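Those protein sequences? They're chains A and B, same order as listed.
Under my numbering, the first sequence is numbered contiguously, ending at residue 322.
Under my numbering, the second sequence is numbered contiguously, ending at residue 1382.
By construction, these hints were calculated from the structure, which means they are not laboratory data.
Treat the hints with caution; some may be incorrect.
If you want the footprint, here are the derived chain A segments under chain B, 3+ residues with CB under 8 Å [said to hold, decoys possible]:
| no. | stretch |
| --- | --- |
| 1 | 36-43 |
| 2 | 97-107 |
| 3 | 197-203 |
| 4 | 221-235 |
Pairs of lysine to any residue residues, derived as SDA-like cross-links and limited to a Cα-Cα distance of at most 20 Å, are as follows [said to hold, decoys possible]:
| no. | chain 1 | residue 1 | chain 2 | residue 2 |
| --- | --- | --- | --- | --- |
| 5 | B | K1294 | A | E73 |
| 6 | A | K98 | B | L1020 |
| 7 | A | K98 | B | K1294 |
| 8 | B | K1219 | A | W68 |
| 9 | A | K76 | B | S1004 |
| 10 | B | K1217 | A | K98 |
| 11 | B | K1219 | A | Q134 |
| 12 | A | K90 | B | K1023 |
| 13 | B | K1231 | A | E73 |
| 14 | B | K1217 | A | N124 |
| 15 | A | K90 | B | N1022 |
| 16 | B | K1006 | A | Y72 |
| 17 | B | K1231 | A | Y72 |
| 18 | A | K76 | B | P1228 |
| 19 | B | K1219 | A | Q83 |
| 20 | A | K76 | B | L1020 |
| 21 | A | K90 | B | F1028 |
From a predicted model like this one, the values you see are computed outputs, not experimental measurements.
Idealized CB from N, CA, C, for every residue including glycine.
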Amino acid sequence: MNPVEISSVKKYYGDIKAVDGVSFTVNKGEVFGLLGPNGAGKTTTIEIMEGLRKRDEGTVRVLGLDPWGNGYELHKKIGVIPQEFTFFEKASPREAVKYYADLFGVSVDPVEILKEVLLDDSANVLFENLSGGQKQKMGLALSLVNSPELLFLDEPTTGLDPNARRVIWEVIRGLQSKGKTIILTTHYLDEAQQLSDRVAIMDHGQIVAIGTSDEIIAEHGSGERLEIRGSKKLANYIKANTELKVDFEGKDLICIKLDQKIDALAALAAAEQSGLNWGEIQTRRDSLDDVFIKLVSGSMDEHGEIKAERSNSKSPNTGGKR
Amino acid sequence: MMPSAKRTLSDFRVFSRGYLRNKFGLFFGLIFPVILILIFGAIFSGNSSGKITVYTQNQDTGPFSSPQMNIAAQFVQTLNGTLPDGTRISDTWPIRVELVDSSVNFTKYLSDHSASDGILIPAGFSADYAAGQMVNVTVYGNPTSSTSGIVSGTVSGVANLFNLQRFGGSTVISISSATVNTEQTQYVDFLIPGLIGFSILVSPMFSLVNISSEYKKTKLFKQLSLTPLTKMEWLASKVLFYIFLSAVSFLLMVAVGIFAFGAHVTLTVWLIPFLVLGPMLFASLGMLVGTVTKNPETAGVIGNIVTFPMMFLAGTFFPISIMPQYLQSIAHIMPLYYIIEGLNAVMVYANYAQAVIDLAVVAAITAILFVAAAKVFKWRES
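Given only the sequences and the hints, what does the whole structure look like? Please build it.
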């Protein structure tokens, strides 16, 4: 039995289809990334799996349990960091871990757990005085108190600076190496790529692509292409003198689709023949970014964060804060 | 899922530790009510001269063969701190006699003037004294009043003086005491139950309005719902904490009232149900306000609208009886009114029949609010 099996799950808020028929399976021991822009339905999906939210339709089995009906049982077996994790301001990480241990009725060494999430150096600092990254680490620590096999991390690095994000990644990789199954939502592409064994790309409440990065690129990407720095004139020359599909992308960038490797030779021969100037050359495949933008009808900002560009103002673009 | 005392206590521990670390809460929970007692107590401990005014009726109107034979007048003069030969006894003489016309009904007069102390000198006092016959002076007092002991002590002192002077110590003038039904109490006696009510209201109410709306907003409730802690355990731990805090606050205020102002309050087990139900009532009410409102800002506003009128009109700082009738009617719909009235009934007036009624009202309101809060309050939304 797989840790998570969900099928045709729907959740509507009035007219808004927050989750609109989502199905996937998460395998034991893998890191599964739910990637999508804000408002794509990631948090609603993950909260349905955690038993924090009731689905309207579909079946959900998490560790063999129905999360909504058997939430109390399920919660003893899973670890969760909710989005924008927060805690009692006046409690320290050590006290928080002790508190959770009492609630779960387990005995743990707080320092041991805090070491695991690289927070043992701030074990006695009050929550209100922790940095953003340290707060997330404390969230991770709490999610580990009951030694869960399955972890849900809802945007664990949102709002953190690049260094803090990398530290969190390190912690997550550590958990992965211990064989824990992890479900992670993120709107950072690099995070999904860095951490996930498999990724599901969500948009408008639906999964638009699923698989390993390579599988997604192979399925939805446009294949290999040659890029040449050169003028529009050069682009036109190559187009006229070869059978190749040539696009001038502006800013002196010429893109040539390579159906086979040998096409590159023809393109370069034509360029040389033209007598025009040409600069840098490289061959490229679509990255996950390229595929993502194609699939999600959005774009990324300078931080690699996906911004949804939607004309549809009815879209549930509330940053997943429901 | 069985409710677990261990989880409740664990939550209690974390919450109380957080509370103690929060200077703001500590100030409002424990220090502020004490400051209020000190301020209001100081402002209104009115008769700063220290003399107790005692209404005295001298029914001995004579006739007297000579002014020297008017023993009753000398007795009154001595009660006022001056011996028959004209010497002052002491500058700190504790009572001041206010003579009442001999024709009025004295007990009615005392009650009309909300006086708790009075002295009645009977007709024929001088003649009986001169003849060596027993004569009785009646001292009116209220057992719950701090002044009564001083007055009766002073009167028997004066009576002894007269007995000694004339008959070598044989008792001619005897004292009998009578209870007045009017309840005149010091302001601070009444202020203590009022401010205990104030602290029972303010801490749990403001705190739970704030916590329940903030935790909802920051999703701390959601987070806690992912642990085995149940919402009833959580709520129980909060109620327990505020009962505990109210008890501490109660002891502090009573101690300050007694030691700083010589307040006269009765401490009995009757206080316990009020000190338990009160915090529970307002914790539930706060929870309710914080839960039904959309965000912490609205919760704060609604919380203030509910709390502030109660803070002033339910008998906290001054007695309801001095307010106009329409305000008194408003006070009667406030839960705090019944808590304070009950505390007064127990601590000041020893009026347990009244206390039972108040307790019943408080228990009913508490039950309704607690059930409503527990019902409305959700760990997770669907």
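Okay, the hints, checked on the actual structure:
1. Counting residues of the stretch 36-43 of chain A whose C-beta lies closer than 8 Å to any C-beta of chain B gives 0; at least three are required, and the coverage claim is violated.
2. For a cut-off of 8 Å, the count of residues in the stretch 97-107 of chain A with a CB near a CB of chain B stands at 6, and the three-residue condition holds.
3. With 0 residues having a beta carbon nearer than 8 Å to a beta carbon of chain B, the stretch 197-203 of chain A misses the requirement of three or more and the stated coverage is violated.
4. Given a C-beta distance limit of less than 8 Å, the hint that chain B covers the stretch 221-235 of chain A is violated, as 0 residues qualify and 3 are needed.
5. Among the hinted pairs, K1294/B with E73/A is inconsistent with the structure: their alpha-carbon atoms are about 30 Å apart, more than 20 Å.
6. Straight-line distance between C-alpha atoms of K98/A and L1020/B comes to about 18 Å, which keeps the hinted pair within the 20 Å bound.
7. At roughly 32 Å between alpha-carbon atoms, K98/A and K1294/B are farther apart than 20 Å, so this suggested pair is violated.
8. For the hint linking K1219/B to W68/A, the alpha-carbon distance of about 18 Å falls within 20 Å, and the restraint holds.
9. With a C-alpha separation of about 15 Å, the suggested pairing of K76/A with S1004/B holds against the 20 Å cut-off.
10. Straight-line distance between C-alpha atoms of K1217/B and K98/A comes to about 25 Å, which puts the hinted pair past the 20 Å bound.
11. Taken as a hint, the K1219/B and Q134/A pair is honoured in the structure, with Cα atoms around 19 Å apart against an allowance of 20 Å.
12. Between K90/A and K1023/B, the direct Cα distance comes to roughly 11 Å. Compliance with the 20 Å bound is thereby established for this hinted pair.
13. Taking the CA atoms of K1231/B and E73/A, the gap is about 15 Å. The hint holds against a cut of 20 Å.
14. Simply put, K1217/B and N124/A have alpha-carbon atoms about 26 Å apart, too far for the 20 Å limit, and the pair is violated.
15. A C-alpha spacing of about 7 Å is found between K90/A and N1022/B, which places the hinted pair at or below 20 Å, so the restraint holds.
16. At roughly 17 Å between alpha-carbon atoms, K1006/B and Y72/A fall within 20 Å of each other, so this suggested pair holds.
17. A hinted pair counts as satisfied when its Cα atoms are at most 20 Å apart, and K1231/B with Y72/A qualifies at roughly 12 Å.
18. For a cut-off of 20 Å, the pair hint linking K76/A to P1228/B stands: about 7 Å separates their Cα positions.
19. For a cut-off of 20 Å, the pair hint linking K1219/B to Q83/A stands: about 9 Å separates their Cα positions.
20. Note on K76/A and L1020/B: the hinted pairing is violated, with a Cα-Cα distance of about 30 Å set against a maximum of 20 Å.
21. With a C-alpha separation of about 17 Å, the suggested pairing of K90/A with F1028/B holds against the 20 Å cut-off.
When each numbered hint is compared with the structure, violations occur for hints 1, 3, 4, 5, 7, 10, 14 and 20.
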